[in-house]
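A.B. asks: Here is how the chains run, residue by residue.
There are 2 protein chains.
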Amino acid sequence: MEKGKAPRDLRRLLRVPAGKRIDLSTYGTRATPAGPKNKQAGRAATARMGKRLADLQERLWAAATTGDRRRLLLVLQGMDTSGKGGTVKHVVGLFNPAGCRVMGFKAPTPEEREHHFLWRVEKELPRPGEIGAFDRSHYEDVLVARVRALAPPDEIERRYEEINRFEQFLADDRVTVIKCFLHISYEEQRHRLLRRLDRPDKRWKFSPGDIDDRALWPAYQEAYEIALHRCTAPHAPWYVIPADRKWYRDWAVARLLLEHLQALDPQYPEPDYDVAESRERLLGE
Amino acid sequence: MEKGKAPRDLRRLLRVPAGKRIDLSTYGTRATPAGPKNKQAGRAATARMGKRLADLQERLWAAATTGDRRRLLLVLQGMDTSGKGGTVKHVVGLFNPAGCRVMGFKAPTPEEREHHFLWRVEKELPRPGEIGAFDRSHYEDVLVARVRALAPPDEIERRYEEINRFEQFLADDRVTVIKCFLHISYEEQRHRLLRRLDRPDKRWKFSPGDIDDRALWPAYQEAYEIALHRCTAPHAPWYVIPADRKWYRDWAVARLLLEHLQALDPQYPEPDYDVAESRERLLGE
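So the sequence lines, in the order shown, correspond to chains W and X.
This note's numbering puts the first residue of the first sequence at 475, with every later residue one more than the last.
This note's numbering puts the first residue of the second sequence at 475, with every later residue one more than the last.
Keep in mind the hints are simulated off the structure, nothing from the lab.
Note that the coordinates shown come from a computational prediction; the quantities given were computed from them, not determined experimentally.
Each residue gets a CB set at the ideal place from its N, CA and C atoms; glycine is no exception.
Where hints are given, some of them may not hold.
[Unchecked claim] Heads up, simulated BS3-like pairs for lysine-lysine below, C-alpha to C-alpha not over 30 Å straight-line:
no.: 1; chain 1: X; residue 1: K563; chain 2: W; residue 2: K720
no.: 2; chain 1: X; residue 1: K580; chain 2: X; residue 2: K676
no.: 3; chain 1: X; residue 1: K679; chain 2: X; residue 2: K597
no.: 4; chain 1: W; residue 1: K513; chain 2: X; residue 2: K525
no.: 5; chain 1: X; residue 1: K676; chain 2: W; residue 2: K525
no.: 6; chain 1: W; residue 1: K525; chain 2: W; residue 2: K720
no.: 7; chain 1: X; residue 1: K513; chain 2: W; residue 2: K525
no.: 8; chain 1: W; residue 1: K720; chain 2: W; residue 2: K580
no.: 9; chain 1: W; residue 1: K597; chain 2: X; residue 2: K679
no.: 10; chain 1: W; residue 1: K563; chain 2: X; residue 2: K494
no.: 11; chain 1: X; residue 1: K525; chain 2: W; residue 2: K580
no.: 12; chain 1: X; residue 1: K676; chain 2: X; residue 2: K494
no.: 13; chain 1: X; residue 1: K513; chain 2: X; residue 2: K563
no.: 14; chain 1: W; residue 1: K563; chain 2: X; residue 2: K679
no.: 15; chain 1: X; residue 1: K563; chain 2: X; residue 2: K676
no.: 16; chain 1: W; residue 1: K563; chain 2: X; residue 2: K597
no.: 17; chain 1: X; residue 1: K720; chain 2: X; residue 2: K513
no.: 18; chain 1: X; residue 1: K525; chain 2: X; residue 2: K513
no.: 19; chain 1: X; residue 1: K676; chain 2: W; residue 2: K563
no.: 20; chain 1: W; residue 1: K676; chain 2: X; residue 2: K563
no.: 21; chain 1: W; residue 1: K563; chain 2: X; residue 2: K525
no.: 22; chain 1: W; residue 1: K563; chain 2: X; residue 2: K563
no.: 23; chain 1: W; residue 1: K511; chain 2: X; residue 2: K720
no.: 24; chain 1: W; residue 1: K513; chain 2: W; residue 2: K679
no.: 25; chain 1: W; residue 1: K597; chain 2: X; residue 2: K580
no.: 26; chain 1: X; residue 1: K494; chain 2: W; residue 2: K525
no.: 27; chain 1: W; residue 1: K676; chain 2: W; residue 2: K513
no.: 28; chain 1: X; residue 1: K511; chain 2: W; residue 2: K580
no.: 29; chain 1: W; residue 1: K676; chain 2: W; residue 2: K580
no.: 30; chain 1: W; residue 1: K525; chain 2: X; residue 2: K563
no.: 31; chain 1: W; residue 1: K720; chain 2: X; residue 2: K676
no.: 32; chain 1: X; residue 1: K563; chain 2: X; residue 2: K580
no.: 33; chain 1: W; residue 1: K511; chain 2: W; residue 2: K580
no.: 34; chain 1: X; residue 1: K720; chain 2: X; residue 2: K676
no.: 35; chain 1: X; residue 1: K720; chain 2: W; residue 2: K525
[What the hints assert, rightly or not] Far from chain W by the CB rule (all over 10 Å, computed), these chain X residues:
no.: 36; residue: Y501
no.: 37; residue: R543
no.: 38; residue: P584
no.: 39; residue: H589
no.: 40; residue: A619
Using the sequences and the accompanying hints, generate a full structural model.
C.D. replies: Put into structure tokens, the structure is as follows:
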């Protein structure tokens, strides 16, 4: 592959391999395994993708008006400060907001806790033609739930299979699920948390609990390794995104969305009316 | 006012005056009553507003995390092709999609028809901290419903007052409602409909029914005049946006949003934790 050139298929390069558990410590958080090699080139490449992404989104949306049920769901997971919100802002922000459905999942409310853990997720799924984005997701129920023992171990065990069945159901219903683990280093998180403390306009994003969670870093990494291993599938793959460099993270997620949309190849529907006749009517008024 | 300079308050300039019915035919559709005077300057001015809009949105969002219930609701109405969708794309697209809630209202579904006409609208209201946008709205129930007699006259009559009470309720609940009528001319609509027919990627947006609606143009203009007259209020004003020039329409709506957000003046919340102590903990790990 030519240096600095985008690969023909970033999906293949970043996808978690099926069959064996990965070791996240062997995945570089500052790596730029394909595509642009510096911030300036990265930001420019992402911006250039904007028009193509919005064009493909409009085709997907248009196709839905005549019954095409296809849509995209971007699932963003990662440690605090890994850039889930930034990815929504910079990548989902490239699309037309009319066709986007963004949901940030927080700790479940009392009402949500009364239901099955997938209940609140199903309500926020993208409708046909839409681009959905989850900032955190149903995976929290096998991540924080596992690390902090918020549910009995056998319940957590069952959830992996429930997630797999749920995502198979989504695939059957024509939802393309793209799951991205934003992979940052322990040091980078410290740097970003300090930045939140140093900037008055960032302090509201910080909570002292974020530091408590850092003490559980190895347990979280393990929980991610298990979730990525047990819940990656051809119809709903996990991708590991090197996320210490924000510009690379944005480029990689945008590129994955682009490749998936290009593979869907949505088409504008053919008119179900007589174009020439309508033109004459308009001109003859 | 200096030529080409933005006015100190576009709200005052474009707001429908209370108390008397307006005559839409006296409102210019190609006018540029304030602000930029050509496309290049207009597009640049709108882009420049993007950063300030997104910054104010983040403050609004941050304030909501500590209980501030304020939010914005942009209501877009106008004839077919008046640019409601384009305004969402180009103006709402300036915000962070994580904090936007966009809804396009179509002809009511059978389920929606079983409910009060405001039922489907209430479900889609912006949550605290959000920027909501309606592409069509509850006003359809006094516009198309009036022109096509989809409800008995006394029912339509009651709806104006119900809308006023509803919007008063929204104001009480800290929703800033900004209602924009995108005003285009009969000739401009013909031009835009022809364009939809001429471009294969636009044909899906066209329906022969759009031409039937053109025959009812005067009735629609009258229905708008009545709705704008009866449902403009200090807490939920109507604005008439000259919309034949897309760049001016986008600039004017962006500018109205900016003025309203600046008036709200949302502030980042003060941290409820000890910043210095957290910093020490992070550095001492």
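A.B. asks: For every hint, state whether the structure bears it out.
C.D. replies: These are the hints, each one checked on the structure:
1. X:K563 / W:K720: 25 Å, holds
2. X:K580 / X:K676: 19 Å, holds
3. X:K679 / X:K597: Distance of about 26 Å is within 30 Å: holds.
4. W:K513 / X:K525: 20 Å, holds
5. X:K676 / W:K525: 16 Å, holds
6. W:K525 / W:K720: Since the Cα atoms of W:K525 and W:K720 sit roughly 21 Å apart, the hinted pair holds (cutoff 30 Å).
7. X:K513 / W:K525: Measuring from Cα to Cα gives roughly 20 Å; hence the hint holds.
8. W:K720 / W:K580: 23 Å, holds
9. W:K597 / X:K679: At roughly 28 Å apart (the allowed maximum being 30 Å), X:K679 and W:K597 satisfy the hint.
10. W:K563 / X:K494: Outside the cut-off at roughly 43 Å; violated.
11. X:K525 / W:K580: 27 Å, holds
12. X:K676 / X:K494: 39 Å, violated
13. X:K513 / X:K563: 17 Å, holds
14. W:K563 / X:K679: Measuring from Cα to Cα gives roughly 28 Å; hence the hint holds.
15. X:K563 / X:K676: 16 Å, holds
16. W:K563 / X:K597: Since the Cα atoms of W:K563 and X:K597 sit roughly 25 Å apart, the hinted pair holds (cutoff 30 Å).
17. X:K720 / X:K513: 9 Å, holds
18. X:K525 / X:K513: Cα-Cα ~20 Å, so holds.
19. X:K676 / W:K563: 28 Å, holds
20. W:K676 / X:K563: It holds: about 28 Å lies between the C-alpha atoms, which stays within 30 Å.
21. W:K563 / X:K525: Answer holds: W:K563 to X:K525 is near 12 Å, not above 30 Å.
22. W:K563 / X:K563: 15 Å, holds
23. W:K511 / X:K720: 38 Å, violated
24. W:K513 / W:K679: 25 Å, holds
25. W:K597 / X:K580: 21 Å, holds
26. X:K494 / W:K525: It is violated: about 45 Å lies between the C-alpha atoms, which goes past 30 Å.
27. W:K676 / W:K513: Status holds; Cα separation ~23 Å.
28. X:K511 / W:K580: Violated, at about 46 Å.
29. W:K676 / W:K580: 19 Å, holds
30. W:K525 / X:K563: 12 Å, holds
31. W:K720 / X:K676: With a Cα-Cα distance of about 36 Å, the restraint between W:K720 and X:K676 is violated, given a limit of 30 Å.
32. X:K563 / X:K580: 18 Å, holds
33. W:K511 / W:K580: 34 Å, violated
34. X:K720 / X:K676: The hint holds at about 17 Å.
35. X:K720 / W:K525: With a Cα-Cα distance of about 19 Å, the restraint between X:K720 and W:K525 holds, given a limit of 30 Å.
36. Y501: Its Cβ never comes within 10 Å of chain W, the nearest being 23 Å, so this holds.
37. R543: Given that every Cβ of chain W is farther than 10 Å from that of X:R543, nearest at about 16 Å, it holds.
38. P584: Answer for X:P584: holds, closest chain W Cβ roughly 18 Å.
39. H589: 19 Å, holds
40. A619: 23 Å, holds
When held up to the earlier numbered hints, the structure conflicts with 10, 12, 23, 26, 28, 31 and 33 and fits the remainder.
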